[in-house]
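There are 2 protein chains.
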Amino acid sequence: MKKIKHLRCSKCGKNFGEEVLYHCDECGTEGTLEVVYDLDFIKTKLTKEYLKNNNRKDLWRYMPILPLKEERGITPLQVGWTPLYKAERLEKFLNLENIYIKDDGRNPTASFKDRATAVGIAKAIELDKKIICAASTGNAASSLSGFAACMGIENYIFVPAGAPEAKITQLLIYGSKVILVDGDYDKAFDFCLKAAEEFGWYNRSCAINPYLVEGKKTAAFEICEQLDFKIPDKLIMSVGDGCSIAGVWKGFKEFYELGLIDRLPQMVSVQAEGANPVNRTYRKNSREFDYKTPSTIADSISVGIPRNGYKVLNALNESRGLTVDVSDEEILSAMKTLARYTGVFGEPAGVTGFAGLLKLVEEGSINKAESVALIVSGNGLKDVKSAMKAVQKPEKIKPDLGELRKYINI
Amino acid sequence: MKKIKHLRCSKCGKNFGEEVLYHCDECGTEGTLEVVYDLDFIKTKLTKEYLKNNNRKDLWRYMPILPLKEERGITPLQVGWTPLYKAERLEKFLNLENIYIKDDGRNPTASFKDRATAVGIAKAIELDKKIICAASTGNAASSLSGFAACMGIENYIFVPAGAPEAKITQLLIYGSKVILVDGDYDKAFDFCLKAAEEFGWYNRSCAINPYLVEGKKTAAFEICEQLDFKIPDKLIMSVGDGCSIAGVWKGFKEFYELGLIDRLPQMVSVQAEGANPVNRTYRKNSREFDYKTPSTIADSISVGIPRNGYKVLNALNESRGLTVDVSDEEILSAMKTLARYTGVFGEPAGVTGFAGLLKLVEEGSINKAESVALIVSGNGLKDVKSAMKAVQKPEKIKPDLGELRKYINI
Numbered sequence: 001m002k003k004i005k006h007l008r009c010s011k012c013g014k015n016f017g018e019e020v021l022y023h024c025d026e027c028g029t030e031g032t033l034e035v036v037y038d039l040d041f042i043k044t045k046l047t048k049e050y051l052k053n054n055n056r057k058d059l060w061r062y063m064p065i066l067p068l069k070e071e072r073g074i075t076p077l078q079v080g081w082t083p084l085y086k087a088e089r090l091e092k093f094l095n096l097e098n099i100y101i102k103d104d105g106r107n108p109t110a111s112f113k114d115r116a117t118a119v120g121i122a123k124a125i126e127l128d129k130k131i132i133c134a135a136s137t138g139n140a141a142s143s144l145s146g147f148a149a150c151m152g153i154e155n156y157i158f159v160p161a162g163a164p165e166a167k168i169t170q171l172l173i174y175g176s177k178v179i180l181v182d183g184d185y186d187k188a189f190d191f192c193l194k195a196a197e198e199f200g201w202y203n204r205s206c207a208i209n210p211y212l213v214e215g216k217k218t219a220a221f222e223i224c225e226q227l228d229f230k231i232p233d234k235l236i237m238s239v240g241d242g243c244s245i246a247g248v249w250k251g252f253k254e255f256y257e258l259g260l261i262d263r264l265p266q267m268v269s270v271q272a273e274g275a276n277p278v279n280r281t282y283r284k285n286s287r288e289f290d291y292k293t294p295s296t297i298a299d300s301i302s303v304g305i306p307r308n309g310y311k312v313l314n315a316l317n318e319s320r321g322l323t324v325d326v327s328d329e330e331i332l333s334a335m336k337t338l339a340r341y342t343g344v345f346g347e348p349a350g351v352t353g354f355a356g357l358l359k360l361v362e363e364g365s366i367n368k369a370e371s372v373a374l375i376v377s378g379n380g381l382k383d384v385k386s387a388m389k390a391v392q393k394p395e396k397i398k399p400d401l402g403e404l405r406k407y408i409n410i
Numbered sequence: 001m002k003k004i005k006h007l008r009c010s011k012c013g014k015n016f017g018e019e020v021l022y023h024c025d026e027c028g029t030e031g032t033l034e035v036v037y038d039l040d041f042i043k044t045k046l047t048k049e050y051l052k053n054n055n056r057k058d059l060w061r062y063m064p065i066l067p068l069k070e071e072r073g074i075t076p077l078q079v080g081w082t083p084l085y086k087a088e089r090l091e092k093f094l095n096l097e098n099i100y101i102k103d104d105g106r107n108p109t110a111s112f113k114d115r116a117t118a119v120g121i122a123k124a125i126e127l128d129k130k131i132i133c134a135a136s137t138g139n140a141a142s143s144l145s146g147f148a149a150c151m152g153i154e155n156y157i158f159v160p161a162g163a164p165e166a167k168i169t170q171l172l173i174y175g176s177k178v179i180l181v182d183g184d185y186d187k188a189f190d191f192c193l194k195a196a197e198e199f200g201w202y203n204r205s206c207a208i209n210p211y212l213v214e215g216k217k218t219a220a221f222e223i224c225e226q227l228d229f230k231i232p233d234k235l236i237m238s239v240g241d242g243c244s245i246a247g248v249w250k251g252f253k254e255f256y257e258l259g260l261i262d263r264l265p266q267m268v269s270v271q272a273e274g275a276n277p278v279n280r281t282y283r284k285n286s287r288e289f290d291y292k293t294p295s296t297i298a299d300s301i302s303v304g305i306p307r308n309g310y311k312v313l314n315a316l317n318e319s320r321g322l323t324v325d326v327s328d329e330e331i332l333s334a335m336k337t338l339a340r341y342t343g344v345f346g347e348p349a350g351v352t353g354f355a356g357l358l359k360l361v362e363e364g365s366i367n368k369a370e371s372v373a374l375i376v377s378g379n380g381l382k383d384v385k386s387a388m389k390a391v392q393k394p395e396k397i398k399p400d401l402g403e404l405r406k407y408i409n410i
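Protein chains in written order, with UniProt numbering: chain A, 1 to 410; chain B, 1 to 410.
Please keep in mind that the hints were generated in silico from the structure rather than gathered at the bench.
Keep in mind that a hint or two might mislead.
Chain copies aren't distinguished; within one or between two, either way the pair holds.
[Unchecked claim] Keeping only pairs whose Cα atoms sit at most 27 Å apart, straight-line, the calculated DSSO-like set for lysine-lysine is: (1) K177 <-> K393; (2) K230 <-> K86; (3) K167 <-> K389; (4) K129 <-> K398; (5) K92 <-> K130; (6) K359 <-> K14; (7) K167 <-> K393; (8) K253 <-> K368; (9) K284 <-> K92; (10) K69 <-> K368; (11) K292 <-> K129.
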């Protein structure tokens, strides 16, 4: 019996068999495919009982609803099943009663992207692909790099020549072959696409590869289980290309259709003011993305054209979603507030969702008793340079108790 | 019934009651105290059955043998129970059969130190201490900062004025009060000690606080459980002040005395060549530490006088320990090898233990079938600047398939 029914185009709805590796032939790269499962079949396996007796504390506990036929490509790195904290000190501060923070910076390479990579690498191995590639300078790149190293898979990562050296360093440490492209990110992306076609490499890009988002949806499954199947009213996430929030929405929908949960959350898309194509388009109730050069400190979500735009619009429409735009100042301020009330230090893109929550609270758009879950998608150590902009270095003092008394005002 | 019998001086062996907060009155700060438990009592609670039925997947699963009377100070941050990987690709590369890597960079603030801080903060809360302090610029500081933020505990961190801004930033993000001391680390340490006495703050320093190492020992407990109570022949760790390896040794000894394991590992202390006071002293079979100005890229273990020297000498003597010194080049090279064969990216001090393993293999001092466990104590993202020294940035190329073919030699 097969788990997967077919792959469906997220733009036009056309169905494809699993022999199609990437996007819809008619819509091109805009038509990313979505994996549609035989949920009646899966229902017989994936039950609350099954989950309760499952000792695997990583995303592979959801194997019955992951797009893999075999376990050969499963990484030893422990990915997923990240902590979900009830943020009590934060609740008091914000005068809310039910805030849950999922710290996905605790993944192996310190970001949410590891969920996608784990599935992508496993699929590459299942398909006997010997080489995998990606264009990125950010979390997708370091994630691919680390997982490929762990599994011993050759990999090429296309990076724009101007990318920060710190980010390139991590890829080189892991032994990736870094192709430093004379050009910007878009050039690197297109070049990677071309090279993948030419050399038959497997492309780890959520924009065209339908399986990566299947890893992302597991964050929703975990939230369901960690909240004992009581679904939060709102699920807040930072949004760039759109595949992360779309993946998480897919997860909730699947658990709903499997009868494991009895309601769905409202999805809240938070974007940076300077990079908000998804939110703009959704608010206009349109399906056309107009381009603006993106500009935000939150580099992982600094997106001009959202490469998974239709998936995220679908998610927002289906969940009667909400959008919030936040400024860079609000993002940096949110970084401090989150760290100071929960101990979770997130990178700018990782805390953009939280900045959105703070804005909703300020506007009075959240009821006290409403339950809110949000995912922090990357560790603050990934971008300490940005964090520096959020704080002020103190003056130095002499090692003298009198001076100290004055300084701290005791 | 009381868990703790007494506190024992690690230098002279004198016993103290729990009313003593810090070090031995006769030996001064050299006489750090060690918590001695009533193991006959604990034996009745902490059994294999107890552990098997314990669903807590963090270090609090060992509560029966942790120095806390109550759960009030337990942090919501999920600390400990980090993954232990059987490193199969590495085994093949090194022609060994049993290598286990414990990735403690997966802790909340990305280092092994979180184990100590979790217990230290809980103890501070139990003792009704309102303010906690430390002198550090490294992992102990960021760890204290993050956990104190999570628990809402006021804290002062004494930092030498020359400390890297990136490290200070994290403390400021968490909202710690940073005292930037006009002087070096030793000045900051002494000033912190004085201020703690003067103002009654609780001091989070493994050098004088007996409870912190109690958190560290839990790594040993986890290794025992994760290996199904089959103890590795060698336990390899990076060593600076000495309290981490001493803590882990204490963990093994306690499980041995509780009858949970039937043998003990040989402890292997790996230090940087330029900061090896523990290894020098042990090899001379001495108990006198001679001072040399420390110099190594591995800043967390760059130590001139080991502040927990007697504890680590005891651990090495009791386990017939082994010492290895490694150069900075070997540390940087080990960083790459570890990342490339396991996907685990460690900071320089985090992979120094692994550099020691590589050296032992090179010297032929490890048998193929021997089992070796090693702890990676900190995430590589903590010190990307050092990682940059280990790799070379590639040349940039034009986005052209012909160029790419030439470049990658296809």
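How the hints compare with the structure:
{"no.": "1", "hint": "K177 <-> K393", "result": "between (38 Å within a copy, 11 Å between copies)"}
{"no.": "2", "hint": "K230 <-> K86", "result": "within (14 Å within a copy, 36 Å between copies)"}
{"no.": "3", "hint": "K167 <-> K389", "result": "both (19 Å within a copy, 14 Å between copies)"}
{"no.": "4", "hint": "K129 <-> K398", "result": "between (61 Å within a copy, 26 Å between copies)"}
{"no.": "5", "hint": "K92 <-> K130", "result": "between (52 Å within a copy, 19 Å between copies)"}
{"no.": "6", "hint": "K359 <-> K14", "result": "neither (39 Å within a copy, 58 Å between copies)"}
{"no.": "7", "hint": "K167 <-> K393", "result": "both (25 Å within a copy, 11 Å between copies)"}
{"no.": "8", "hint": "K253 <-> K368", "result": "within (26 Å within a copy, 50 Å between copies)"}
{"no.": "9", "hint": "K284 <-> K92", "result": "neither (36 Å within a copy, 57 Å between copies)"}
{"no.": "10", "hint": "K69 <-> K368", "result": "neither (45 Å within a copy, 35 Å between copies)"}
{"no.": "11", "hint": "K292 <-> K129", "result": "neither (37 Å within a copy, 53 Å between copies)"}
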